[in-house]
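On the provided structure of chain B, position chain H as indicated by the hints.
Chains B and H are the protein sequences, given in the same order.
Each residue of the first sequence is one higher than the last, beginning at 195 in this note's numbering.
Each residue of the second sequence is one higher than the last, beginning at 195 in this note's numbering.
Since the list can't tell identical chains apart, any single copy or any two copies may satisfy a pair.
As a list, the in silico BS3-like pairs of lysine-lysine whose alpha-carbon atoms are at most 25 Å apart: (1) Lys337 / Lys434; (2) Lys469 / Lys452; (3) Lys337 / Lys516; (4) Lys337 / Lys430; (5) Lys469 / Lys516; (6) Lys206 / Lys534; (7) Lys361 / Lys469; (8) Lys323 / Lys292; (9) Lys282 / Lys247.
Please keep in mind that the hints were generated in silico from the structure rather than gathered at the bench.
Chain residues, written in single-letter form:
There are 2 protein chains.
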Amino acid sequence: MSLLRIHYPWTKAPFLASAPMLGAATPALAASVSKAGGIGFLAGSANSDALDKDLQQVASILAQDRTTKANGSDILPIGLGFQLWGAKLSVAVSAVKKHLPAVVWLFAPSDERQLQEWSRELRTASQEKTKIWIQVGTVQDAKRAVELAAPDVLVLQGSDAGGHGHKRSASTVTLVPEVIDYLASRHGASIPVLAAGGIMDGRGVASAIALGAAGAVMGTRFLAATEAGIAKGWQKELLKATDGGVSTGRSTLPDRLKQTVGWPEHFDGRALLNKGHEDEQAGLSDAENVALYKQELAQGDDSWGAHGRMVTYAGTGVGLVKEIKPAAEIVREVHMSARKATQNAAESLRDSEPHSKL
Amino acid sequence: MSLLRIHYPWTKAPFLASAPMLGAATPALAASVSKAGGIGFLAGSANSDALDKDLQQVASILAQDRTTKANGSDILPIGLGFQLWGAKLSVAVSAVKKHLPAVVWLFAPSDERQLQEWSRELRTASQEKTKIWIQVGTVQDAKRAVELAAPDVLVLQGSDAGGHGHKRSASTVTLVPEVIDYLASRHGASIPVLAAGGIMDGRGVASAIALGAAGAVMGTRFLAATEAGIAKGWQKELLKATDGGVSTGRSTLPDRLKQTVGWPEHFDGRALLNKGHEDEQAGLSDAENVALYKQELAQGDDSWGAHGRMVTYAGTGVGLVKEIKPAAEIVREVHMSARKATQNAAESLRDSEPHSKL
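Just chain B, with the same shape it has in the complex:
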């Protein structure tokens, strides 16, 4: 049995997590993903009360759930994600002490030493019951995370991911095997890796597993879950968009429009390109762009769209999102289709033996 199935005994294979997307990852979404045999995540905010309320809500949904309780442990079978540059360790420690989530997922430190401090404090606060996952976007960051914090899991985010990520990075196709080769070359406990970025369905999960990952994380796909906490206008755009390699783009414009200050310099965000990006290219100043963005923000769901200005985070796989459906259904479909994709691959290689005699 894999390490992940031991640590997270309610999960089913292939191992699947929903990303801790700020705002979008509601208690209902996290709980649904875990109930269906994945592991759902909340995005931890710096607001202690809001986080406590979210965790209580998840606990209440899951209290009656036989599947996630089957392990008889006292952990809350979901995870919490923190963007370290803007988060408070004291808030995380309180939340972990009170609710004992299965995982805390650390991302985007302003100083890499935060990884060390956070993982040490959170392990102590949970008596080692809460596992530490660290998300990285390069091989070098993976090495530093392992050296500093010995995480239980590395989440490897490739360039196809929607939302925040590295300005410059590889996709999962090369990032995953290169990190795995590094991990294999070390002397130390084995660390499972999860692939994130562009994984939209069972085929993507199967491809991650073929690369050597122990499982996968999906973000954009869960933005189109019934339980996602995003505007209907945003969800509608996800269903409409195709060809994400050209319809999305990486930029710091989303942060500038939202006047979010503090992301480490090497991060930007992938979103559907729209009028805001177009006007920026044509020379519009940030001040003017922000003013126009705020006008549209007030207009609600109609302000989304290619000719709109709303920040519409999405990964390059957005063209594979065709339907809004309950998160549990997404998890079940991914589980089934990943098996099918893997079986098909195995069969296609049974086609002939290579290098047999003529």
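Leaving out everything else, chain H in the frame of chain B:
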């Protein structure tokens, strides 16, 4: 049996091609790949005599080869790639008539109607014996290629690829399944797709097949083949480089340094970043950068390196290239390791049945 094994009967599963890399893809490299059960490619130039010489050399190497001749056909069991914006159809037609290569691979038209004209003329010239492959980098281009030219194979190049490709595109993880879904939605003959970009070993090939591809193309990996026609300095850099998401970058600088004019506007090239890129960022003019590049060019193998100025094309998977070895050995290793990766994936999913009763 798959369509590819019928059309290219000397090939073994998984289906693997070496990319038609201008200069690098020598007759010896192409012949070695085909002899080992892949399909090797030459890069077709606009120079008729040079191309004819290369094809004669391949024919002479393969004349005595039992494996590739086993099909008893009169085709030359390799392919020819053309960058259409700079190629001459008359040169391609002559080469096809005289040598009957198994494939002509069309890439980068300056006008998409070239795809229609070239495929029609080449099918006629070869009496339908030479298959037409078209390389694209977006879903939209895939649709247009199918509508205009009904190719026998679509090569889907993701953003991780080294050398020339789209300035903006997705990686294989989303490009491959989205194009496959489009192809499945059509009424018409099935068209196999091959994944290209970031595929360095059997794990990458297995991931492509899990996504639904019929096989894969490798470029950067074959730059480090014994037979590759590139400078030793370049090969040395490929072995040294790691973390390709940050050590390589997309730019039009390589074309500007080499004073290559004519690439369609939406193309650039991925290469290892070095002093030329750094100086450009710092404000150096193209004229000065070109002059410094030419000085270094004269110095030979020592001019390569992170502090050098040579154009060192490489994909993001460059950190997975650890050794220079004969192309046949690369093909055999990929065949074996792709099987292993696929078997491992199938076994990891056998770990538990999802959604069984508790």
